[in-house]
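Number of protein chains: 2
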Amino acid sequence: MKLGYLGPEGSYSYTAAKYYAPNHMLVGMKTFKEIITAVEEGKLEEGILPIENSTEGAVTQVMDALMKTETSKIQGELILRVRHNLLSIGEAIEEINYVLSHPQALEQCREFFAVNYPHMTLIPCESSSTACQIAKEKGRQYAAIANSWAGENNGLKTLCKDIQDNVNNQTRFIIIGKESILPTGKDKTSIAFSFHDDYPGSLYSILKEFAEEKINLTRIESRPAKIELGKYIFYIDFQGHQKDTRCQGVLNRIEKNINKLKVFGSYPIGRIY
Amino acid sequence: MKLGYLGPEGSYSYTAAKYYAPNHMLVGMKTFKEIITAVEEGKLEEGILPIENSTEGAVTQVMDALMKTETSKIQGELILRVRHNLLSIGEAIEEINYVLSHPQALEQCREFFAVNYPHMTLIPCESSSTACQIAKEKGRQYAAIANSWAGENNGLKTLCKDIQDNVNNQTRFIIIGKESILPTGKDKTSIAFSFHDDYPGSLYSILKEFAEEKINLTRIESRPAKIELGKYIFYIDFQGHQKDTRCQGVLNRIEKNINKLKVFGSYPIGRIY
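Protein chains in written order, with the UniProt record's numbering: chain H, 1 to 273; chain V, 1 to 273.
Do not rely on the hints blindly, as some may be mistaken.
If several chains are the same, the list does not tell them apart, and a pair holds so long as it fits within one copy or across any two.
What the hints assert, rightly or not - Below, simulated SDA-like cross-link-like pairs (lysine to any residue); rule was C-alpha separation at most 20 Å, straight line:
(1) LYS208 to THR218
(2) LYS208 to SER194
(3) LYS214 to ILE269
(4) LYS208 to ASN257
(5) LYS68 to ASN166
(6) LYS186 to ASN216
(7) LYS214 to THR60
(8) LYS73 to PHE32
(9) LYS226 to ASN53
(10) LYS2 to GLU95
(11) LYS18 to ARG81
(12) LYS231 to GLY270
(13) LYS231 to THR55
(14) LYS208 to PHE234
(15) LYS226 to TYR12
(16) LYS231 to GLU56
(17) LYS208 to ILE254
(18) LYS208 to LEU261
(19) LYS231 to MET63
(20) LYS208 to ARG253
I should point out that these hints are in silico values taken from the structure, not numbers from a laboratory.
Build out the structure end to end from the sequences listed, making use of the hints.
So this is what it looks like as structure tokens:
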């Protein structure tokens, strides 16, 4: 089984892929679109894609690209906690004067350093992998912020674990493939739709169907329909499987009031890593 | 009156600002945050900010920054059509072999060139302003893609107007300031809210109040609450003024079921330029 992820090795997508399928052959790719196309064309059995982050919000490129899929479905999900470690060639945190990482990682640990090590200079660089390499070359005064994989694979020691300021920074990944997943009893379904014409309460009439069946929505997002301002595609995730009687009833009823219903797939609710 | 916009001169924000207030003193700034802070601190009376685009979607940095405002309100809006022109120092389109612009502008005119002038080479550069300068220096074989302002201010001639592939590519701008705007009869109100706890139908219960009063929602967006995955802030724009009896009733009723209601302001529905 081949699983495509957004490279390079050691990236967050790589970590998520390793948790999802430790024994799959992982194929690093350059863009989200490349991953989706490879799955659509059958060159890969599965692909893993970040879909939302608890601080940044929706990964809009992935959402827009999903709308264009023809044969692939969402088969699963998992949530990855963003974890940063302080890594160095040396073992003494007192010796560290310079900390290197990707600007986003530095930003996510800013408070940790302000409170605990205000004398350390934070230096932005291209990626956390690059940061590890530089920290290794420069020696004991230097540290990198990266995940544990990057540390281990660069021969660095972990001086401090989980130094990110927001312990709830999480990224949700979806797994796409061509299999239809059977109900497990704890499932989620992802759909998208737009309206022919907007009228007062058009979205309300859809949500009403879910509310009356007490189906919980776990996510609702809008994206531009790219026709004109004020026209949107709505993305909804709800608890339940499309083969459950109640869900099936709702999907049948809402289909009559909307332009086009796209069911991305039903899949087991993912766990948090 | 001083109106802050995202510079440089000639940018889309600049063009929008010129339409909104031709006689205001325009102050070019470097970031959206800088504009909002200057309005909050009273250093500028008004600021203009892009809030959504018909192809790209929400301008999330602006939406997140608006949540943190304390004294400023949304006072107005306007919609700007994205228009690209082909500009050159020469007058003959047949002489053009190279076309320069910002990568996004080139992308937005790709089909125009593929169909009409497939022999022209598209060259990405830093900004459309830079493209105009280079096209001017290099001579008659070179053209730039930019808006009419940039052309006029660089001494270039317009060889072809409105060459963008999608004629409905529009950006919506809001104007922030400290004035409360009185009802005009054709108004819009922008609000945001989150929920204490999610339960089946929590969003539905809010939309129900609007639907029952036949108040049309013109936009609904969700952004992460940045606490944990699955917690969202909802942004809603609806037709009507917060001082209208029906709107006031709805706002009072929904306030009881949500965590915190933030009313960004009521303002006249903007026109399209």
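Structure versus earlier hints, numbers of those that do not hold, lowest first
As far as the earlier hints go, 7 and 10 are violated by this structure, in ascending order.
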